[in-house]
Amino acid sequence: MPPESGRPLTALAIRNAVRAGRLTAAQACRAALDAIDVHEPRIHAYISICADRAMEAAHRLDADPARVARLPLAGVPVAIKDNLCTAGLRTTAGSRMLEAFVPPYDATAVRRLEEAGAIIVGKTNCDEFAMGASTEYSAFGPTRNPVDPSRTPGGSSGGSAATVASGALPIALGSDTGGSVRQPASFCGVVGLKPTYGRVSRYGLIAFASSLDQVGVLAGTAEDAALALQAIAGADAADATAAGRPVPDYAAALEHPVAGLRVGVPRALVADEVDEEVRDRFDRACEALRAFGLDVRDVSLPHARHAVPVYHLVASAEASANLARYDGVRYGLRAPHDGSVIGMNAATRDAGFGRELKRRIMLGTYALSAGYYEAYYARGQRVRALIRADFEAAFREVDFVALPTAPTPAFRLGERLDNPVQMYLADLFTAGPSLAGLPAISIPCGETREGLPVGLQLVGRMFDEAGLLRVAHAFETGAAGRNDGA
Amino acid sequence: MSLTPADVSRIAHLARLELSPAESDAMLGQLNGFFRIVEQMSAVDTRGVEPLYTPLAAVQPAALRLRDDGVTEADQRSANQASAPAVEDGLFLVPKVIE
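Top to bottom, those sequences are chains A and B.
Taken in order, the first sequence gives residues 30 to 515; the numbers are from our numbering.
Taken in order, the second sequence gives residues -18 to 80; the numbers are from our numbering.
If you're looking for bench data, these hints aren't it; they were derived computationally from the structure.
One or more hints might be untrue.
Unchecked claim - Across the chosen pairs, the derived CB separations fall in these ranges:
no., chain 1, residue 1, chain 2, residue 2, range
1, B, L(-5), A, G507, 50 to 56 Å
2, A, P365, B, E69, 16 to 22 Å
3, B, V25, A, R96, 52 to 58 Å
4, B, E31, A, R71, 47 to 53 Å
5, A, P365, B, A(-13), 25 to 31 Å
6, B, P32, A, A300, 25 to 31 Å
7, B, R28, A, A320, 41 to 47 Å
8, A, D63, B, G51, 26 to 32 Å
Claimed, not checked - Quick partial rundown of chain A residues pointing at chain B, CB under 7 Å, derived from the structure:
no., residue
9, R445
10, L446
11, D447
12, P449
13, V450
To be verified - What the simulated footprint calls covered on chain B by chain A, stretch by stretch (three residues with Cβ under 8 Å from a Cβ of chain A suffice, anywhere in the stretch; the number is not a length):
no., region
14, -14 to -3
15, 10 to 16
16, 24 to 30
17, 46 to 59
18, 63 to 71
Every residue, glycine too, gets a C-beta built ideally from N, C-alpha and C.
Pulled out of the complex, with its shape left as it was, chain A reads as follows (with noise of 0.2 Å):
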């Protein structure tokens, strides 16, 4: 069933023609198996591949429609980022540390994706270990923005996003630690979703920082977004960061009226190192709210614009010691070393390692170090809670904050490459929420001259998804509407 209008199909109406027999999770897949490889060579979304295994997980479906009938994600064909773990499937991380790491379990989010009825067709592309804001900095090549394959796909997320916008599958899972998936979501024209620090569990997610790190959601729709969120959120036992509080009913949530809901923009940030066209996009996005019936307003965030220098001090920190683990004696690479101990660590890490990593470990363990501890790390976190407070005196007066995703549109391959300062500033306006743990979505909002998608972040309270979905839904269905009635 090749999709009719040209529009790729949305997950909601693969699992609605699977379940009704209109289709088989086999050709569903097929068709998804197909578009990669149409795709591939011009953006190299993927790492890895599974043909077979998906074709045999999505034969298995087909055999037992009793079982189908009741799949929230029945059929649907899925990707996967490569940091998070697949029993039996290579994840890399996108690091040569890890190119022959064939993990033992599935991350908690994949089992209950499958569990949902979807099928995995392959792991995205990613930068190593999700640390990058391009995917240039994935040790198997970059991937290319389909919109505009002189460009990236942002980042570290991008194969996911790459994949959704090429219209080969609707559903991608990411991971978002500063802006991983909503970055990525903005430059190639999709829908990215952070939920909230606890919402989703990270277990089987290999570890970058672990103040921040939260499984997110690509997809084509919002409505696709809430469906896979509904499968991959709650609590869990392997994951005590978890959150147990109850899941909502997400899709029952899109159909609430938004009219009277407030939304808190903080004019003198988005004034800040902006591009001119995307904060027209962006200001264009507050009146089409303001025009559903969204109480429209301005908020002060005053300390966000310390945003990017905290979240790499913070985030570096992390990772320096979550990347310790890379030592060449449990799992991974073992590089060839002078027979000492030390040499055999420092010489796994010099090969395993690419230069970003590098850079982010070195900034970590210096910000960690004995006498520095108090002025960077430390420090940090109050500037961090400082943050935090601003939005919690916004959500005072209001109901979401909005914001570019991103600065920029899409930048090309190879611009900000030798200079990794610039490349951390597309954390802009992304890095303030997850420093907060908030939920945080970035839905398309038009395009540049030259034709590069523009984002609109929104951020909500704490395990508010249900409301930001809500919102999102709204606009594109508007915009849509809109876009019907010119």
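Starting from the known structure of chain A, arrange chain B on it as the hints suggest.
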């Protein structure tokens, strides 16, 4: 303040990274570039502000949650060691540590 080449070599040793001289040079410039954007943050008044080490602390008690003390997993030593660089008789092999 600025890092010196000696700082870079000390940190690289702490982090168990081997850096070539060219890598160390580039690293020095890039780290100092980053710490220039940190300076603004250092001017923020944080007197009396408690560090926020985890965002969950804002919504639930930060104390560790404990699960029941029960056996939940079978022994999977060989599966868990399948990606190890060198094992023998269920043990991880490393270079000689004690002479």
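task = Provide an ascending list of the numbers of those earlier hints which the structure does not satisfy.
result = Hints 8, 9, 10, 11 not satisfied by this model.
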